[in-house]
Amino acid sequence: MIMRIFGVFAVALWIIVVDARVLGGRGIEKYVVTFGQDYVVKWGHVSKLHSGQEVDLSMDQSSGGGFQSKNIYGSGLFQMRIKVPGGNSAGVVTAFYLTSLGGNHDEIDFEFLGNNDGRPITLQTNVFANGEGNREERFLLWFNPIKHYHTYGILWNPYQIVFYVDNIPIRVYKNEKGVSYPSKPMQVEASLWNGDTWATDGGRTKVNWSYSPFVAHFQDFSGLSGCYIDGRSSNVAACESSNFWWNEGKYQRLSGSEQKMYEHVRQKYMNYDYCTDRNKFQTPPRECY
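Numbering (mature numbering (1 follows the signal peptide of the UniProt record, and there is no 0)) for the sequence shown: -20 to -1, 1 to 269.
Since the hints were made in silico from the structure, they are not lab data.
Incorrect hints may have been included.
[Unchecked claim] Taking lysine-lysine and the BS3-like style, the derived pairs with C-alpha atoms no more than 27 Å apart in a straight line are:
(1) 248 / 230
(2) 63 / 22
(3) 63 / 248
(4) 154 / 260
(5) 154 / 240
(6) 63 / 157
(7) 186 / 22
(8) 157 / 28
(9) 28 / 127
(10) 28 / 154
(11) 260 / 186
(12) 157 / 50
(13) 157 / 22
(14) 63 / 28
(15) 186 / 127
(16) 63 / 186
(17) 50 / 28
(18) 248 / 127
(19) 240 / 230
(20) 248 / 260
(21) 63 / 50
(22) 154 / 230
(23) 186 / 157
[Unchecked claim] Per label pair, the in silico range of CB-to-CB distance:
(24) 40 / 261: 32 to 40 Å
(25) 251 / 130: 12 to 20 Å
(26) 217 / 67: 43 to 51 Å
(27) 147 / 258: 16 to 24 Å
(28) 222 / 259: 35 to 43 Å
(29) 223 / 157: 20 to 28 Å
(30) 67 / 122: 19 to 27 Å
(31) 124 / 223: 39 to 47 Å
We treat Cβ as the ideally placed atom computed from N, Cα and C, and that holds for glycine.
Just need the whole structure built from these sequences, with the hints factored in.
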């Protein structure tokens, strides 16, 4: 892991660059990073395997499990390789996300919504800003996420949030005038939990505990490229510098090739968009225009 001190911001606030995996121009510089270097167990059933190069979260009737980054970030690219529970996993939610601490929180979510054997897993994305969410978009992926590991990434900078699946952009949320945009320092978290009040068929299909424990697998803990700050400030302004590669001009919008992939995925694989849900919003939110 490469770290360097960027400067002192406000009162004794250290801004630090973490650039363990660089994806600039889609070129990858990899380092062997184990779970314990950047992450800690947060709760529940967590198993570390292969000298910390893989972590399994498991869920039974007593508990699920979760882990979080040691550091709090103000911008960056955050990635992880994930394989979700198989079998009859209806009601089971596997999550990889950024979240702030305290009330009126900000959050950027990947959530895999389990299903009964033979029915597809739904990938749900969501964005919370100042405690307000309800910005769900859902996809049926072009592969089965229970069979192999795939890379899921979140680019978060002052200009846009981009959700990536295997380096393909599937969702863009722009920071534009009048749009609520996540601006609080956030941690990286992953969890496996019981969401059967809503996750599958609107909550009609419940977890079948006879198939437990359900296990989600996580790899590649080198996928952090971010500016982190300590817990003494909620101001992320210093993490907006163009000195960080993920804030540079080419990451302020999709490239031409990315735009084509983005449009193709959304046309073929997206099956729910909050912007078109008139039961939820009679007038679509500002970011939908």
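How the hints compare with the structure:
| no. | hint | in the structure |
| --- | --- | --- |
| 1 | 248 / 230 | 26 Å, holds |
| 2 | 63 / 22 | 20 Å, holds |
| 3 | 63 / 248 | 22 Å, holds |
| 4 | 154 / 260 | 21 Å, holds |
| 5 | 154 / 240 | 17 Å, holds |
| 6 | 63 / 157 | 37 Å, violated |
| 7 | 186 / 22 | 25 Å, holds |
| 8 | 157 / 28 | 44 Å, violated |
| 9 | 28 / 127 | 20 Å, holds |
| 10 | 28 / 154 | 37 Å, violated |
| 11 | 260 / 186 | 24 Å, holds |
| 12 | 157 / 50 | 33 Å, violated |
| 13 | 157 / 22 | 36 Å, violated |
| 14 | 63 / 28 | 15 Å, holds |
| 15 | 186 / 127 | 23 Å, holds |
| 16 | 63 / 186 | 21 Å, holds |
| 17 | 50 / 28 | 16 Å, holds |
| 18 | 248 / 127 | 21 Å, holds |
| 19 | 240 / 230 | 16 Å, holds |
| 20 | 248 / 260 | 23 Å, holds |
| 21 | 63 / 50 | 23 Å, holds |
| 22 | 154 / 230 | 14 Å, holds |
| 23 | 186 / 157 | 41 Å, violated |
| 24 | 40 / 261: 32 to 40 Å | 38 Å, holds |
| 25 | 251 / 130: 12 to 20 Å | 19 Å, holds |
| 26 | 217 / 67: 43 to 51 Å | 47 Å, holds |
| 27 | 147 / 258: 16 to 24 Å | 34 Å, violated |
| 28 | 222 / 259: 35 to 43 Å | 42 Å, holds |
| 29 | 223 / 157: 20 to 28 Å | 25 Å, holds |
| 30 | 67 / 122: 19 to 27 Å | 21 Å, holds |
| 31 | 124 / 223: 39 to 47 Å | 41 Å, holds |
In terms of the numbered hints stated before, the structure departs from hints 6, 8, 10, 12, 13, 23 and 27, listed from lowest to highest.
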